[in-house]
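As you go down the protein sequences, you meet chains V and F in turn. Residues in the first sequence are numbered consecutively from 0, following numbering that gives the first Met the number 0. Residues in the second sequence are numbered consecutively from 0, following numbering that gives the first Met the number 0.
Calculated directly from the structure, the hints in this document are not laboratory data. Mixed in with the good hints, there may be bad ones.
What the hints assert, rightly or not - Take a look, some chain V residues computed to stay more than 12 Å from chain F by CB distance:
(1) R10
(2) E48
(3) D58
(4) D86
(5) A130
(6) G247
(7) G261
Unchecked claim - Here are some chain F residues pointing at chain V (derived, C-beta under 7 Å):
(8) A269
(9) I273
(10) A285
(11) N402
All residues carry an ideal CB built from backbone N, CA and C; glycine is no exception.
What follows is the residue order along each chain.
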Amino acid sequence: MRDLIGYLLKRLSWMLLTLWAVYTVSFVLMRSVPGNPFSGERSVPPAIERQLKARYNLDAPPLQQYWDYLVGVVTRFDLGWSTRLEDYSVNQVIAEGFPVSVTLAIFALVFAIIFGITAGVISAVYRRSTADVMLMAAAVFGIAVPNFVIASLAILLFVFMIQLFPAGGWGTLSQVALPAFCLGLPVAAYIARLTRTGMLEMLTRDHVRTAFAKGLPKRTVIMRHVLPGALLPVVSYLGPAVARVLTGSLVLEKIFALPGMGSHFINAATQRDYTLAMGMVLTYTVLLFAMNTLVDLAYAIIDPRVKLQ
Amino acid sequence: MSSSITSGGPVRSGGNATEEALERLLAESREIRGVSLWQDAFNRLRRNRTAMISLWCLVLLATAAFMTPLLPLQSPIDKDLNNRRFLPPNLQSVVLGGRPGLKFKDGKLTSELAKFEASLAGTQKKLIEATDLETQQKLSNEIESRIAVEHPFNQMWNNLGGVAWWMCKVRVAVFGDYAIPSLFGTDKLGRDLLARVFWGARVSLIVGIVATLVSLIIGVSYGAIAGYFGGRVDAAMMRFVDMLYSIPFIFVVIFLVTFLGEETVKQELASYGIDQITIFYIVIGAIYWLTMSRVVRGQILSLRHEQFVEAAKTVGASSWRIVFRHLVPNVLGVVIVYLTLTIPSVMLFEAFLSFLGLGVSPPDVSWGLLLNDGVEALSIVKVFWWVVVFPGGALAATLFALNFLGDGIRDALDPRMKNRD
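Kindly produce the complete structure, drawing on both the sequences and the hints.
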């Protein structure tokens, strides 16, 4: 238990350090752009410009701004105001986009894990069969082809040619299915390969031979004695998988026009909405850190040989 | 073998027989060729059929991309909004410079080129006849500015470099006005997709190679220095890498690209002679060096107490020389394996950013940008499949080949795979 708390504290301090570094770098970059966010547009009367600057706290000296924002984030979790979306705070934008992105990510991950492990087990158990060759070819395809290519082809096929899914929108299961499939496919392919390698290695172990020798049915041996060991690499891949799904959702939300965090982030980046973009980067950092810590914990629970450090 | 010497020696008298036996031995040993690590790896790679097919495909692709200006393609940037929007793949013949809107003489590039050169001829003649330096300077400036503004090539191709300009000239001289028909169809602005896929290949491949080289240089030097000096230097340097690892880089890079895309920043950078695409290469390269540095550091750590390092130290080699002349060549195998895995991910990242509208910006073309155009065109009621399928296919095939080749090279350089097939 003390291990655990120590570990969590250590991770937390790393996260804070990282966040501080990301914040400082983004702040310096943001402030080194000449002018202010409103100078590019049509010229506004000086009085209004003063009002604008006061609202976004741009009239304070840079160090004061740096400190104020930091205090706001630490004490109130207040990420400031978006400079492009009228009357939206960054927190509101994130609160709107977060559920969409998380739902999409969860669907994609669940699909990837189920599909990937099943494919990996089948191709390892029936090694060198047609099914194995086909599944592994599909896995190479899934790893090599970028997910936005898969998504565009999937739209072409399943939305326009065979009208199976709606083209866009958000809310129903059939609207989530296609983006989640495209998002999960590369991860599923990777998991399938990892599972297959792990299974093949475990199948040659002594305890598996013993299990077969004492007459257990094949099904029991594979489910009880082979699969748990074979899944260890898969569990450790889940951390990178989460990162991959989150970055992948940037493009997929754009392609399918979903109102998630990813599409907000891309819009913020293309429209040079610095406060929103910075708030998003900080949020993503926290998210990834939290997910990685969870995965590490899960790994330590599954495999007692692993010590948290 | 040794038995033949001992048995053959005493029976025949004299040293002649021993010499003969020795000679035979030597001849035999001369026949045996030592196989270097690289040769061995290459032999193993050659036996891997998928890897070899991938290698040839990639060589072909690289050659085609390099030779693009020489190929009889249509113009990648000439728009025709009236007659040629979203033409499906077809075999209709096309004349280069034939669009009425261009107002080329006779509707041909060659005639226009001849006309332009004829109009320049007068000035050029004056330039040759001119005697004083000032007039010469003035006239050559005039010629240069006219070429920059009025030359018909500027309407057909975008921003040609020196070599590409010369290649385009050769192409016009050899093929004249002939251009391959729009085999891949045309896009929403009536531009030929075949030409755009070819010109996009240049950008995508160059990004892949240059960014990988940047990451190679940073990663290998960083890892080698950390590994060689060890101790506190190593700990500090690797802690820094750990911290960078925990930053979600894609998001930070997008933020950075946003910043670099700002007009004022662009102008400032341009005043130092750096254009946006160079920054783009460096930024991508700068985020892919982390794993490379870790791998190299691990290898160097295990090598730095080897005898050849001691020997180099004894003869007074500097640390710099030991690291870069003695240690780095020894980790080349790992570096190459990792390199083949970096190139596809860098190309993918370029396509990803361009697809989001944050990477290569028009009128330059890259595969990611073409795909972006394609996906935008998809949302229209009619299905324009060719605008997605061809650029997507090109990108997917290249990444496919690179992945297979990477796997092949990794297996080939792995000594455990020796004599296994």
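Going down the list of hints, with the structure as the test:
no. : hint : in the structure
1   : R10  : 9 Å, violated
2   : E48  : 18 Å, holds
3   : D58  : 20 Å, holds
4   : D86  : 22 Å, holds
5   : A130 : 20 Å, holds
6   : G247 : 9 Å, violated
7   : G261 : 10 Å, violated
8   : A269 : 14 Å, violated
9   : I273 : 16 Å, violated
10  : A285 : 13 Å, violated
11  : N402 : 5 Å, holds
The structure shown violates the earlier hints numbered 1, 6, 7, 8, 9, 10.
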